[in-house]
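> Chains as they are written, first to last, in UniProt numbering: chain Y, 1 to 99; chain D, 1 to 631; chain X, 1 to 286; chain C, 1 to 533.
These are calculated hints, taken from the structure and not from any lab test.
Treat the hints with care, as some may be off.
[What the hints assert, rightly or not] Taking beta-carbon pairs under 7 Å as the criterion, some of the chain X residues facing chain D (in silico): (1) Ile108; (2) Trp113; (3) Leu114; (4) Ala115; (5) Ala116; (6) Phe122; (7) Leu125.
[As the list claims (entries may be wrong)] In silico lysine-lysine, DSBU-like type, Cα no more than 30 Å apart, as pairs: (8) Lys231(C) / Lys162(D); (9) Lys468(C) / Lys523(C); (10) Lys162(D) / Lys303(C); (11) Lys601(D) / Lys105(X); (12) Lys213(D) / Lys303(C).
[Said to hold, decoys possible] Pairwise CB distance ranges, derived in the manner of DEER restraints: (13) Leu389(C) / Arg25(D): 29 to 39 Å; (14) Asp56(Y) / Ala618(D): 16 to 26 Å; (15) Leu569(D) / Leu389(C): 15 to 25 Å; (16) Ser613(D) / His105(C): 15 to 25 Å; (17) Gly617(D) / Glu199(X): 37 to 47 Å; (18) Ala170(X) / Gln212(C): 45 to 55 Å; (19) Ala483(C) / Leu14(D): 20 to 30 Å.
Don't be surprised by glycine CBs; every beta carbon is placed ideally from N, CA and C.
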Amino acid sequence: MNPVNYLYLAALLFTIGAAGVLIRRNAIVIFMCVELMLNACNLAFVTFSRLHGNLDGQIIAFFTMVVAAAEVVVGLAIIVTIFRSRHSASVDDAGLLKL
Amino acid sequence: MENLIGLLVVAPLLGAAVLLCGGRRLDRGGPWIGTLFAAASLAIAAVLFAGLLGRDADDRTLDATAFSWVPVGGFRADVGFHLDQLSMTFVLLITGVGTLIHLYSVGYMAHDERRRRFFGYLNLFLAAMLLLVVADNYLLLYVGWEGVGLASYLLIGFWQHKPSAATAAKKAFIVNRVGDMGLSIAIMLMFTTFGTFAFGPVLERATEAGEGKLTAVGLMLLLAACGKSAQVPLQSWLGDAMEGPTPVSALIHAATMVTAGVYLITRSGAIFNAAPDAQTAVVTVGAVTLLFGAIVGCAKDDIKKALAGSTMSQIGYMILAAGLGPIGYVFAIMHLVTHGFFKAGLFLGAGSVMHGMNDEVDMRRYGGLRKYMPVTFVTFGLGYLAIIGFPGLSGFFSKDKIIEAAFAKGGTEGWILGGAALLGAAITAYYMTRVMLLTFFGEKRWQPDERGELPHPHESPRTMTIPMIVLAVGSVFAGGLFSINDVFLKWLEPVTGHAEGHSPVSALTVTAATMVVLVIGVAIAWAQYGRRPVPVTAPRGSLLTRAARRDLLQDDFNHVVLVRGGEHLTRSLVYVDHSLVDGVVNGTAASVGGLSGRMRKLQNGYARSYAVSMFGGAAVLIAATLLMRAV
Amino acid sequence: MNASSPVVSSLAASAASTTSTGEAVQFWILAVVAVLGALGAVFMRQAVHSALSLAGTMIVLAVFYLANGAYFLGVVQIVVYTGAIMMLFLFVVMLVGVTAADSLKETIKGQRWLAALCVLGFGTLLMAGIANASLKEWNGIGRANAGGNVEGLAALLFTKYVFAFEITGALLITAAVGAMVLTHRERTERAATQRELAERRIREGKQITPLPAPGVYARHNAVDIPGLLPDGTTSDLTVSPTLRARGQVRDVSGEALDDLAALEQRSGDWQERGRSEDAGAKGAGK
Amino acid sequence: MSFPLLTLTAAVPAVGAVATAAVPAGRRTAAKWLALAVSLATLVLAAVQLVRFDPDAKGPFQLTESHAWIKDFGVRYELGVDGIAVVLIALAALLIPFIMLAGWHDADPQESGSSRWRPTQGFFALILMVEAMVVISFEATDVFLFYIFFEAMLIPMYFLIGGFGDRAGERTEGGAAAQRSYAAVKFLLYNLVGGLIMLAAVIGLYAVTADQLGTGTFSLQEIVQARAAGKLDLATTTERALFLGFFFAFAVKAPLWPLHTWLPNAMGEATAPVAVLITAVVDKVGTFAMLRFCLQLFPEASKWATPVIVVLSLISILYGALLAVGQRDIKRLVAYASISHFGFIVLGIFAMTSQGQSGATLYMVNHGISTAALMLVAGFLISRRGSRLIADYGGVQKVAPVLAGTFLVGGLATLSLPGLAPFVSEFLVLVGTFSRYPVAGAVATLGIVLAALYVLVLYQRTMTGPVKEEVRGMPDLRARELAVVAPLIALLLFLGIYPKPVTQILDPAVRHTMSQVHKADPKPDVNDVEAAK
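Sequences are here, hints too, so could you generate the full structure?
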C-alpha cells in the first residue's frame, strides 16, 4: 500500500470535520469538529515527515497540538461564558457579541 | 479741444453719479443739479461746435483717444472719441433737447418724491447717448448703445409700483437686447473681417471685403437699428414704453435714443453702399414701418401711444432715407433733427395736457382744451403743423426731401417707396389732425378721475412752458434754416457724402402731390372728428381699426409665439433637467442602493453561513491553484 | 516500543514507496474505524456521544502516528488529546448540559445544501490535489529516527524551533489566564438575601414551598427518579430539568406500585397463619 | 527660490483655520474677528504676489518653490504661479473676507446655549480651510499635489453645505435638513466620481512618464518640456484617454452640461456666502485646471476634443439660461445663471484663440465678482424675508431702495451690461469663438438675450410692482451689508471701464498657453489693417 492513503484519510477526516462545523449548531460539537480537522492536519503532517524523511513535519504537528490545546481552553471558556449569559450553547443564538 | 469731447460725456455721467449716490440730502436740490450738468454738456457742445465751424469744411473732425480699454493679444479696443459733423449734429440735438427736457422735468416731476433718482437717470441717459454718438469704434458705440438701453429701462420703469410700467421696461430692454445681439454679431463679423472695429479702418476699407460679408454685417446692423429705433419687426416695445414719465417719452422715445438706429446706419454708410441687398432690406423695413406706425397711430386713443405710433412712422421715414444711400443720408439726418424738435415738442405738449388733466391720457376725454392752456395749444399746434409737413415749417422741408429721394431711387422700387412715403404722409396728416381735434377742439368730454373729481385744466408752470416754446420755435424754423442754400447738406456732405438722385418726377410734382395728400388726410380727419361730436368711449370700429388698436396684432403674435412658447420651453426644460439629467444621476444612486440592500441579506449574522462562504472560498482557491498547475 | 511490533517491522521497509502488508491491513481496518468515529462525532445527536466517538477517532489517529514513526506524537496524542482535551470537552458538556441546540433540525434556509455542496467540492478538490501530486518517492522516517524519535524532536525543538517553542509557552500561559478571566464572573449587584429571595418567591407565587425531593420511599433516592404523588403518578418537579431534557428520567412508579401490592399480599398471608395458630393453641389447651 | 511666498499664502489661512477652530465656545465674536483678520492677511499676501509677479518675465512660472516630497513616486512639492494663477489667487483672497462679512451671523447657533458644539468657529474655520486649499491648488505645478488639494477641498465644502444650510430652506418641502444633506451628499459624490476618474488618469500619466522617461514624474514643467523635446510622446489614444480623465473631473467641477445638476442643489441649500464660495471660488479651480493641465499636458487631445466641448458649452450657455428663466427659487436661478456663465468660460478656453482665452480667464475673475455681488445681496434679501421663493417677494424696491439698487447692479453685471466688468470678458469670449467658429459664436450670442430675460424677470417679480404685505417694513441694507456690496460694485465698475491692470497680467500667460497648444489666431480677411492705420 502506498502511504499516500494516509493523506487521503486525512483529507477525508478534514472534510468530515468541516461538514460538522457547517451543519451542527451546538458550539461544543462544532468545537470538536474543529479538533477533528486539526487532527486530520496533524496526520497529514506526520505523513509528510515520513515522506520527506525528516522530523520537521512532526514538530509542526506538535505545535499544532499545543495551539489546539490552548485554543480549546480559551474556546471552551468562551462557550461557558456565553452559555451563562444566554443559557444556550447554540452558535445561532450568539448572533450578536453584545446582549 | 479734443479733451473736451471726453468731458462732454463725463459731465452728465458725473451728474448721474452725484445724484444716484448722493443720498437723501440731495432730494430737494437734485433736479437743478441734474439740469446743471445737462446744461454743462450743452455748453461744452456749443464750444466744440464753434471749434468745428472755425475749421474749413473738409477737416472738421476731432479725434481723441482717452485710454486703451481692452488690450488683449490681437484685439485692441480703445476708449477713443471721433467728433465730426455727423456726431456734432447729434451732440447738439441731444444736449439741446436734453437740457430743455431736464428743465421741463423740473416742473413736471416736482411732486414726485423720487425725482432725485429721476434726474440721475436722465443724466445717465445723456452720458450714454453722447458716448454712443462720439465713440470712434463700434465696441464703444455698443457701450453707449446698451447704456441708453439701460437708461430707457430705468426711466420707463420709473414708476415701478405700477406693474404695467415694470413690465413695459422689461419688455423694452429685452426687445432691445435682441437688436443688441445683432450689433454684437456685426462687430464680431467686422473683427473677423477687418481685424478691428474702429470706424476709420473699417469704413475706409469696407470695399475690400467680400460683398457677402458686408451684406451680413449690414443686415446685423439693421437688426440692431430695428431694435433701438422700434422698426418692424422689433417695434413692439415703443408703445408700452409710454408708461414712462412724459419727459422721458419726449427725450428718449421721440427725440434722441430711438434715432440711434438712423445714426448707426448713416455712420456705417460705407458698408451699406457696398452691400445693395442690405440697403434693400433697410428701405423695406423703413417703408413698412412708416406705414405700420402711421396706421397704429390712427387707432390709438391714448395720446402718448398715438404719438408713439407717429414716432415709429417718422423714424421709418429716416430709415428709408438712410437706406437709399448717399442720396438719402443727409435728409435722413435732417428729418431726424427736425423731428427731434417737433416730436419732442408734441410730447411735452401732451405731457402738459396730462399734467392739467390729472394724468388722463385718453384723448376721447379731452376736448376743447385750447381755451384752458393756450401756450400748450399754440406750441402743440405748431408742432402739429410741422409734422404733417405744412409748407414752410420744418417737417415740410425734411419730409419732402425724403419723398423725393424715395422716388429718385428709380425703377419700380422707386415708385413703390415713393408711393409708400406719400401714403404715409397722408396718414400722418390724418392721425395728427385727429389728435389735434380730439384734444383741443370740440366740446369738453372730461371725465372724473378715479378720485372722482373732475379735472380743471390749467396752464403748466414756466419751467414746462419755456422748453415747449423753444422747441416750437425750433420746429417752425429749423427746416427752413437748414434748407437755405443747403447749408445742412454742405455741413454733412464731407461725412456722409451726397449724390443727387435723378427723380423720374420733378421735385415740384412731388411737393404738389405731398400737398394734395396732406389736404386729403386733414379733410378726412376733420370729417370724422371735427364735424360731429366724438363719443367718449371708443366705438367698436372696423376690423382694421381694432387690429390697429392692438398694434396690428403684432404684439399678440409675440405673446403667443415667443412668450407662451418660451414659457412652455423653459417649463419643459426644467422638467427635463429634474427628471432626465438629474434622474440619471439619482437613478444610478438608487440602483446602487438597491443592490447593496440585496447584498445585505448575505450578512445574516449566522456564524455558520459565514463559515460556509469562507469554506466555499477555500474550495474556489484550491480549484484555482489546481487549474494554475494544470495549465 | 519493542522491535517485534508490526509498526517497527514496517519501518524497515519504510524507505520503499509501499508499506508492509501488516501496516496495510492495520490501515484499512483502522481507517474505517476512524471515519466511522468522525461521522459519529458529526452526526450523533447528543454531545456526549459525539465526544466519545471523537475520542475513538483520536485514538486511532494515535496509532497511525505510531505507524508513521511519530512515537512521541502518538503518545502525546493519547495522553493530551484523548486524555486531557476530550475529557475537558466532556466536562464542559456536563457543565453546559443539553439544550435545543442538540436537535439536528436545520434552521438557516439552504444552509444544508450549501454546506453539502461546499464540502463535497472541497473534498473532491483536495483528493484531486493529492492525487495529481504524484507522491511516488518516499524517504521513510527510519533515518530521521535513527537517534531515537524523541531525541530527534528535542534536538529540533530546542535548536531550530526554539523561538516558536518559547512563543507557544507564552501562548499557553496566556490561554490559561484568558480562560480564567473569561470564566470568572464578578458580581455586579449585591447578592439577594434570604429574605429577599423568600419575598420574591412569595410574590411570584409559582412555587412557594421548596421543591419536593426526588426518590421514592426509602428504596430509590437517586436524582433521576421522580417522586410519586399520592395517586402513585410521578411528579416532574422532583427531578432536575436537565435530566428531563435529556430524557434520562427513570420512571419507577410502575414497579413501586407492584412492590406495594406484593407487600400487602405477603402481610395478608402472614396474618392468615397467625390466626390459625392461635386457634390451634386454643384447642390444645382443653 | 528665496522666500516661500506661495507656501506662506496657503499656510496662513490653513493655520488660521486651526486657530479659529480652537477658539473656545463662548468667544464666538473673537473667532469671527480672528478669521476675518487671517483672511485679510492672506489678501495682503496675495497682493504681494501680484506685486512681485512680473508679467513680462521669461518662463511659464514665477515665485517657484520645489522640494522632493515622495521620492519613490517622483511626487514633488512644486509651486509656481503664472499670470492666470496669480490673478485667481488674488480673486479668491479678495472674495473670502466679503464672504465672511456677509455670513457674519449665518453660523450663530439658533438656540442661545453654551453647547460644546461650536458652529460659528467651525463655519469660519472651514471657510479658511477652503481658501487655503483653493490657493494651493492654484499654485501647485505638480499634478499629484494639485490632485490632492483638488480633492481635499471637498471635505470642508461638504460640511459647509451640509452643516450650515440656509434657514430659509425650511419653507421648501421635505424639510430643510433632508434637502441640505441631500445636496451635500450629491455635491460630494459628484465631485468624488470626477476626482477618482482623474486619479486614474493621473496614475496613468505617471505610468507613461515612468515608462518613457525612466523615472516617473508628476511635474507639469518636466512633462511639458519632455514633450517639447520629443523625449516623451504619448500615443494618440493614450493622450486622449488621459485628457478625458482630467477633463471629466474639471467638467464636473466647472460645471459643464450635463454634469451640472449638483450645483443648483448645493447653491440652493447652502447659505448665500457658501454658495458664493462654491461658484465664485471653488469652481474656478475647475476651469483654471482646464487651462493649466488639459491644454498644456494634452494639447493634441484638447484640439481633438474641441468640437464636442464647444457644443457642450453652447448647450450649457443656453440650457442654463433657459432653466434660470424657469426657476421659482432665487438662489437656484443664480445657480443656473452660473452654469450658463461657466459655459461661456469653457467656450472661451476651447475656442483656442487668444481673445477667447483671455476672455475666459478674465471671465473667471469677473464672474466671481458679479456672482458674489448678486448672490450676497440675494442672501441679504432672503435672510430678511425668510424665503427663497421669488413669488414671496414684490415691491421690495419701494421699502428697501438701496438693497434693490445693489441687486439691480449685480443683475446687470450678470447680464454683462457694457461698462460693468463681465461685458468685456463675455465679449472677448464671443469674439474669440466667433473668429474660429462663427456659428458657435452667433449661437452663444443668444445667451445675452436670455440673460437679460432671467435677470430682469427676477428683478421685476421681486423688486417692482405693488408692495407685498410680508415685505412691508423690510429694513434696507445695514452698514455691514453695504460694506460687503459696495466694494464689489466699485470693483465691477472699475474693471468694466479699465480692465487693463488685469488683462496685462493675464495676457502673457494666455499667449504661453496658446503656444503650448500650437494654435495661432485666425487671420482677418482684410489683412494689414493695423499697418494701414
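> Need the list of violated hint numbers for this structure, in ascending order.
2, 5, 8, 9, 10, 16 and 17
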